[in-house]
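Novice: Those sequence lines, one after another, are chains A and B.
Each number in the numbering used here corresponds to the 1-based position in the first sequence with 2 added.
Each number in the numbering used here corresponds to the 1-based position in the second sequence with 9 added.
No lab work stands behind these hints, which were simulated from the structure alone.
Where hints are given, some of them may not hold.
As a list, the in silico DSS-like pairs of lysine-lysine whose alpha-carbon atoms are at most 27 Å apart [claimed, not checked]:
hint	chain 1	residue 1	chain 2	residue 2
1	B	Lys148	A	Lys38
2	A	Lys45	B	Lys147
3	A	Lys36	B	Lys147
4	B	Lys121	A	Lys36
5	A	Lys45	B	Lys148
6	B	Lys71	A	Lys62
7	A	Lys108	A	Lys291
8	A	Lys72	B	Lys59
9	A	Lys62	B	Lys176
10	A	Lys38	B	Lys59
11	B	Lys29	A	Lys11
12	B	Lys33	A	Lys196
13	B	Lys130	A	Lys64
14	A	Lys108	A	Lys292
15	A	Lys11	B	Lys59
16	A	Lys64	A	Lys11
17	A	Lys38	B	Lys126
18	A	Lys38	B	Lys71
19	B	Lys29	A	Lys64
20	B	Lys73	A	Lys62
21	B	Lys92	A	Lys36
22	A	Lys264	A	Lys254
23	B	Lys33	A	Lys45
24	A	Lys140	A	Lys254
25	A	Lys62	B	Lys33
26	B	Lys161	A	Lys11
27	A	Lys64	B	Lys33
28	B	Lys121	A	Lys45
29	B	Lys161	B	Lys176
30	B	Lys121	A	Lys11
31	A	Lys11	B	Lys176
32	B	Lys176	A	Lys38
33	B	Lys147	A	Lys11
34	A	Lys108	B	Lys121
35	B	Lys161	A	Lys38
36	B	Lys130	A	Lys38
37	B	Lys130	A	Lys45
Just a sample of chain B residues kept apart from chain A, beta carbon distances all over 10 Å, derived [as the list claims (entries may be wrong)]:
hint	residue
38	Val67
39	Phe75
40	Thr78
Ideal Cβ positions, reconstructed from N, Cα and C, are used throughout, including at glycine.
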Amino acid sequence: MDEDVTLAKWLNDEMDAAELSEFMSRPEYATYSKIKTVSAQLKAPDVNLDALYTAINNRKNKAQEPKVRKLNPWLPRIAAVLVLALGISFYLFTTAVITQTALAGKRDVFTLPDDSQVTLNAGSQAEYKEWNWSDNRKLELNGEAYFKVAKGKTFDVVTPLGTVTVVGTQFNVKVRNNRLDVTCFEGKVKVTTKNETLFLTPGKTVAFKEGKNLNLPNVTANRPGWLSYETYFANESLQNVIAEIERQYKVKITIDANVPDKLFTGTVPMNNMTTALNAIQPIYHLQSKKAGDKIILTSE
Amino acid sequence: MKNDPKPGICEELTFAAFFKSHAKLLRNYLFYKFGNEEQANDVSQEAFIKLWENCASVPPEKAKSFLYTVANNTTLNQIAHQKVVLEYSKNSTTPITDKQSPEFLMEEEQFKLKLQKAIDKLTEGQRSAFLLHRIDGKKYVEIAEILEISVKAVEKRIHGALLQLRKDIDTFR
């Protein structure tokens with residue numbers, strides 16, 4: 003690629019003598035020569051360098067000022083408050099605990115979000131979280147409750163003495179005074195305590211008194227007696243029976259006698275105080291006396 | 010890092026000195042290119058401002074090249090090409106011939122006009138290269154730097170410019 007640039011060489015006085023004389027012999031040379039001479043007399047318009055520099059300086063200094071765009075300070079504040087409110091609401095919503103209570107002399111029936119049914123006996127309390135219930139069916143029980151659990155994921159009843167786990171059944175859980183009783187009426191029930199884990203099938207019942215398995219015989223009923231005010235006790239101490247009567251009748255009973263350690267097994271009606279006391283008095287040779295709103299049991 | 014770093018373009022004095030050395034030539038070049046003084050001034054300004062904004066990342070020895078790169082790349086919104094009007098300097102009395110007869114002077118004036126017209130008709134590239142050589146007395150190497158092309162490319166443009174100028178002038182006798 004050897005393009006002809008001889009004219010450029012000539013203009014720059016780069017031609018050697020031979021080239022130059024050849025060039026000068028051309029007819030166009032005269033014009034070229036004139037171009038060379040006259041073009042050197044041209045000039046560019048004057049430049050006001052000071053004005054140009056001032057203009058540049060002004061823009062330069064303006065550019066140095068940090069351009070601070072003021073944003074509305076309220077926007078991030080409002081957003082933060084909203085986020086906080088949202089976060090708190092969500093937290094409260096998901097961690098909200100529902101507490102169901104049955105006071106003395108009363109019972110409480112309620113349904114859980116999955117339509118499982120719980121009947122709380124007097125003097126009992128249940129706590130559970132509604133949020134995400136079907137995936138997390140966990141209920142804390144203090145006292146006694148009868149459960150009719152809808153089919154679904156595992157259902158846990160957590161008591162201070164152990165946990166009862168079921169998958170859609172009917173069962174009874176009673177935890178009072180260091181004794182845990184679990185009875186299965188339908189389906190299958192898993193009971194986990196500190197020392198043991200066992201499974202109950204319908205009719206089977208288990209009681210742990212101070213950690214010891216009482217090895218109770220099977221029950222024949224298809225639902226717990228207390229639901230129809232015919233409370234059934236198995237190998238129960240007098241104190242616990244009395245305590246239950248107290249809860250059911252909302253009354254204070256004091257035992258002012260030396261009572262044998264005989265354990266009570268039987269049914270005590272809970273809709274008639276006299277009948278209730280009559281069920282236990284003979285066995286322990288006791289008589290009852292009313293003193294104000296209290297009942298005192300003394301030996302016969 | 011050396012103990013005393015070379016003063017960069019960010020320093021006010023260095024920048025001012027740099028401006029003094031390069032502003033006129035840059036402005037002239039842009040004038041040859043656009044044919045418009047205002048445009049030439051505007052683009053010159055832009056180039057120096059850009060240099061200032063980037064002063065921290067442009068070492069002093071690269072500043073000139075940076076300046077011309079910006080100038081060559083600054084596209085202007087408006088502008089149809091304007092006629093490049095160049096004037097002759099006051100001391101352009103170098104006689105083409107010794108004769109001072111009216112015809113010769115007339116011829117001289119006519120020639121000057123023809124040359125001006127012909128220069129205006131050159132391509133931007135040819136004109137810039139040619140005038141940088143003729144008016145500003147720049148060597149081809151320097152012109153190559155300014156136009157950001159090779160020396161060979163500069164020579165081609167000069168050659169082309171001369172060819173065209175002669176053709177134009179001789180055609181319109």
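Novice: Just pull the numbers of the violated hints for me, sorted ascending.
Specialist: 9, 10, 11, 12, 13, 15, 16, 18, 24, 34
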